[in-house]
Amino acid sequence: DQQVKQNSPSLSVQEGRISILNCDYTNSMFDYFLWYKKYPAEGPTFLISISSIKDKNEDGRFTVFLNKSAKHLSLHIVPSQPGDSAVYFCAAMPMDSNYQLIWGAGTKLIIKP
Amino acid sequence: DTAVSQTPKYLVTQMGNDKSIKCEQNLGHDTMYWYKQDSKKFLKIMFSYNNKELIINETVPNRFSPKSPDKAHLNLHINSLELGDSAVYFCASSHLAGGHNEQFFGPGTRLTVL
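Top line first, the protein sequences correspond to chains U and R.
Numbering-wise, the numbering used here puts 158 at position 103 of the first sequence, and it's gapless, one number per residue.
Numbering-wise, the numbering used here puts 64 at position 61 of the second sequence, and it's gapless, one number per residue.
By construction, these hints were calculated from the structure, which means they are not laboratory data.
Wrong hints could be hidden among the right ones.
25 Å max Cα-Cα, derived BS3-like pairs, lysine-lysine [claimed, not checked]:
1) Lys163/U - Lys43/R
2) Lys60/U - Lys39/R
3) Lys39/R - Lys163/U
4) Lys60/U - Lys44/R
5) Lys60/U - Lys47/R
6) Lys60/U - Lys43/R
7) Lys43/R - Lys126/U
8) Lys167/U - Lys44/R
9) Lys47/R - Lys163/U
10) Lys126/U - Lys12/R
Whole structure, please, built from the sequences with the hints as guidance.
Now the structure itself:
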């Protein structure tokens, strides 16, 4: 039973354009969401997070949007750069969960020159 | 400089053997984790220790035993290795504060059981 879903296994975007990565969740008890980036043969690295009391959080080229009614969040990267090519994981934390994170399967982003 | 380190990076071993993976963090965090990334690339939490106390213990075979000698170390010992244990194992750490949990990951240990 996947509580966090990233339905696109891969996404290809032209350099300089906007990359939009999507994540859907089923558990209404999730109250904190994170995006991680992972290069091959490395561990995931934290990118950006958002609390359920907000609908947007921005950090440089990265913006995360949260739509609680649709149980959907998205990560926007603009402009996309070649170094952004990686696998992106969405993760969610339920309230009262001992801070456990529930992870999506990841989306592989490929930035074309 | 390395924030979260794991050793070894690669581990190839025979079925039935016992092996350990070590993890150390120099970030001063109070919580450490072990994850397994399976063949479908899902990251699944196995264990979590907060201040050397076990706080998350997901359903894993009891052949897997975490050991936390101090807050900076969380080692994973696996007895009687099986083919299905082949995976990438990630260690992570975080500081639990304010309801947030940005975890910092090690580079992973690729375990291959033959």
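Verification of the hints:
About 13 Å separates the Cα atoms of Lys163/U and Lys43/R, which keeps this hinted pair within 25 Å; it holds. For the given pair, Lys60/U sits about 18 Å from Lys39/R by alpha-carbon distance, which is consistent with the 25 Å threshold. Restraint check for Lys39/R and Lys163/U: the C-alpha separation of about 19 Å stays at or below 25 Å, so the hint holds. With a C-alpha separation of about 13 Å, the suggested pair Lys60/U and Lys44/R falls inside the 25 Å cut-off, and the hint holds.
About 14 Å separates the Cα atoms of Lys60/U and Lys47/R, which keeps this hinted pair within 25 Å; it holds. Distance hint between Lys60/U and Lys43/R is fulfilled; the C-alpha atoms sit about 13 Å from each other, no more than 25 Å. Under the criterion of a C-alpha separation no larger than 25 Å, the hint pairing Lys43/R with Lys126/U is consistent with the structure, at around 24 Å. The straight-line distance between the Cα atoms of Lys167/U and Lys44/R is roughly 24 Å, inside the 25 Å bound, and the hint therefore holds.
Restraint check: the Cα-Cα separation between Lys47/R and Lys163/U comes to about 18 Å, which is no more than 25 Å; the hinted pair holds. For a cut-off of 25 Å, the pair hint linking Lys126/U to Lys12/R is broken: about 37 Å separates their Cα positions.
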